[in-house]
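The listed protein sequences derive, respectively, from chains A and B.
With the first letter of the first sequence counted as 1, position 306 gets the number 306 in this note's numbering; the numbers rise by one all the way through.
Going from the second sequence to this note's numbering is simple: count from 1 and add 1000.
These aren't lab readings, by the way, just hints derived from the structure by calculation.
As the structure is a prediction and not an experimental result, all values here were calculated from the model.
Among the hints, a few may not be true.
[As the list claims (entries may be wrong)] Taking lysine to any residue and the SDA-like style, the derived pairs with C-alpha atoms no more than 20 Å apart in a straight line are: (1) 79/A with 1060/B; (2) 134/A with 1132/B; (3) 1105/B with 154/A; (4) 1100/B with 158/A; (5) 1131/B with 158/A; (6) 350/A with 426/A; (7) 325/A with 397/A; (8) 1060/B with 158/A.
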Amino acid sequence: MSFSFKNLKLAPKMLISPAVVLVFLVILAVGIYVSFAMQKNALNDIYNNRFRQYQSSAKMLNDINSVQGNISRILNWIKVNYDDGIVTGAIEEQKNILTEDMALIKKIINSSVLTDEEKKLFIGAEENLIEYQKAVIAVLDTAAVDVNTAIQLMSTTDGKHDELNVLLKKLLLFEDKLSKEKYDSAVASINLTITVFLIVVVLIVVFSFIITIMITRAVTGPIRETISVLSRLAQGDLTQKINLTSEDEIGTLVQSVNVMRDKMNHAVGEAMEISGVLTDSASQEAAAIEETSASLDEIASMTRQNAANTDAANQLMIAAREAIKKANDSMAGLTESMGEIAKASEQTQKIVKSIDEIAFQTNLLALNASVEAARAGEAGAGFAVVADEVRNLAMRATESARGSTDLIGDIVSKVKAGDSLVASTSTAFHEVTASSDKVVGLMGEIAAASKEQAQGVDQVNRAIADMNVSTQQTAGNAENLASVMSIFKTDIDRHDVTASKKAATLKGQIPLIDMQKKDF
Amino acid sequence: MKRIFISTVVAVMAVLFTAGFALAQGKAATPAQAKELYNKAVAYTKQVGCEKAFAEFNDKNSHWNVTYSNVYMSAGDWNGITLVQGRYPIMVGQNHFDLKDADGKYFIREAIDKCKKTGHAVHTYKWMITKTNQVEDRTMMVEAVDCGGKKVDVGISYEGKI
């Protein structure tokens, strides 16, 4: 109910209350009409059925009482030989009355309005009436031929009459009871109708009041909410959302407002995000530029120092080249000296050989001397000791000569090795000289390049300073934008902005950094 | 005027008719003649059966009823229902069980009782003639006959004493 009610358009919503009242009124009218129709039926029944049958029963009761009385009169008339014509007429009259009553009771029984109990009573009455009629006819017929018998037959008629009388009285009471019941039920029904009427009228008033209030609330509630949300939107609070899902005009309005809010929320959120990112990146850029500027200063000074160092190195290299030249010359002298040393050594070797041969000769002489001494005996003993000493000296001289020979051989070989070393060193010195010449040339070039570099770095530094100024401006603008944006309140999380957005923002910075790299 | 005329005509015709019958009917029977007719009627009933016999007996112009001026056929069951009334067939079907004679006796009951006991009854009773206001003797002469498993009295009514 609530769902379908919510989705109703405003016009039908407004019509619900009168429609409900109308429906109730129609129901009430139908109910009252039905009730009145029932009263009418009850009245009809009371008059056309109950009263008619009461009437008929009363007529029959009256008839049989009158017939019963008349039979006695007729019999008495016959007994006293009353006028035959009058007697016959009276007899016919009684018979006719009973025939009429028979027809009447048959008609009543055949009518469809009887209740079962009523019908039973009427059928009982009919049976009794038939018997009574028979008895009456028997009495009247017999009276014509033998009044004595007829009078005696009256006892039967009396009995039948009494039974019929009782039955008809019962019928009267019964009809009376039925009428009373009908009347009572009709009165009860009318009372019920009046009660129901009053209750329904009260219900209609209450219901229509409640429904009208409910509908008014249902309509004005969303409008109020929409208005409050719109005013907050107007103040820049974009986090408001109207939770209303009806499909009426207000629902459509609310949806439009929600869509507008969503789009604004999204757009402003993104703008805020981008301005934030912009601020961040601008300040980062400024910092980077400052760092770069400082680095460039350092580089410039280093470049200058480099150039100075290169100059110094050049000077040093030139001095080194001179030194190397001197060393080269010394090396040539050394080579000559080494050759002379080698010659002197060979001469020394020859001398040592001569010493060795002298020592050998000496030894032989000592040996001869010792032999001579031995021959000399005691006298020669002192000479023998001297000969031994001489021989020992000769031996020692030989040994020393041999040691000198080895030493000198070693010196010669070493001098030869030194000679070759000196030769290779000399070659190396020549090469070093050539290299140092080249180094000096290169150093000169480096020094020139360093100077140019220092000039380039100065230019870059100036450019960076310009860039710094513009970056500071950008950062200031981004901060202004962010502060302007801050009047809006969105429900989009700052970290919520898609990675691609960030990437796109950063991408813009990467070429700049690359360019800076190239410049160095 | 017209009604009086018709009544008069009817009355005259009734008188003439009665006179005619009186002429047509025979003379009064003696008790012996009555008894003879009674025997014939009983025998006839036993011979042809109750139904056929009673149909003839109830015809007041049949020879059973017109042979004698003072005898007519009569029959009734033991409950007092009149089965045959040769003079006044209109009474057929009436219950005469409680009928009393001029002396106040239940003459029908007495006759039935006799039949139940002896099989037949010759019962004389006193009857008030209203028109003349005189009491006359009447005699019922009946025999119990089996009528399809049911006992009934069949016989004659004699206007006089036997």
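Structure-based check of each hint:
1. Of the pairs offered as hints, the one joining residue 79/A and residue 1060/B is violated, with about 25 Å between alpha carbons and a cut-off of 20 Å exceeded.
2. Note on residue 134/A and residue 1132/B: the hinted pairing is violated, with a Cα-Cα distance of about 29 Å set against a maximum of 20 Å.
3. Annotation: proposed proximity of residue 1105/B to residue 154/A holds, straight-line Cα distance about 17 Å (limit 20 Å).
4. With a C-alpha separation of about 17 Å, the suggested pairing of residue 1100/B with residue 158/A holds against the 20 Å cut-off.
5. Distance restraint check for residue 1131/B and residue 158/A: the Cα-Cα separation of roughly 24 Å exceeds the 20 Å cut-off, and the hinted pair is therefore not satisfied.
6. Restraint check for residue 350/A and residue 426/A: the C-alpha separation of about 31 Å exceeds 20 Å, so the hint is violated.
7. For the proposed pair residue 325/A and residue 397/A, the alpha carbon gap of about 47 Å is over 20 Å, so the pair is violated.
8. Taken as a hint, the residue 1060/B and residue 158/A pair is broken in the structure, with Cα atoms around 30 Å apart against an allowance of 20 Å.
Checked against the numbered hints above, the structure violates hints 1, 2, 5, 6, 7, 8; every other hint is satisfied.
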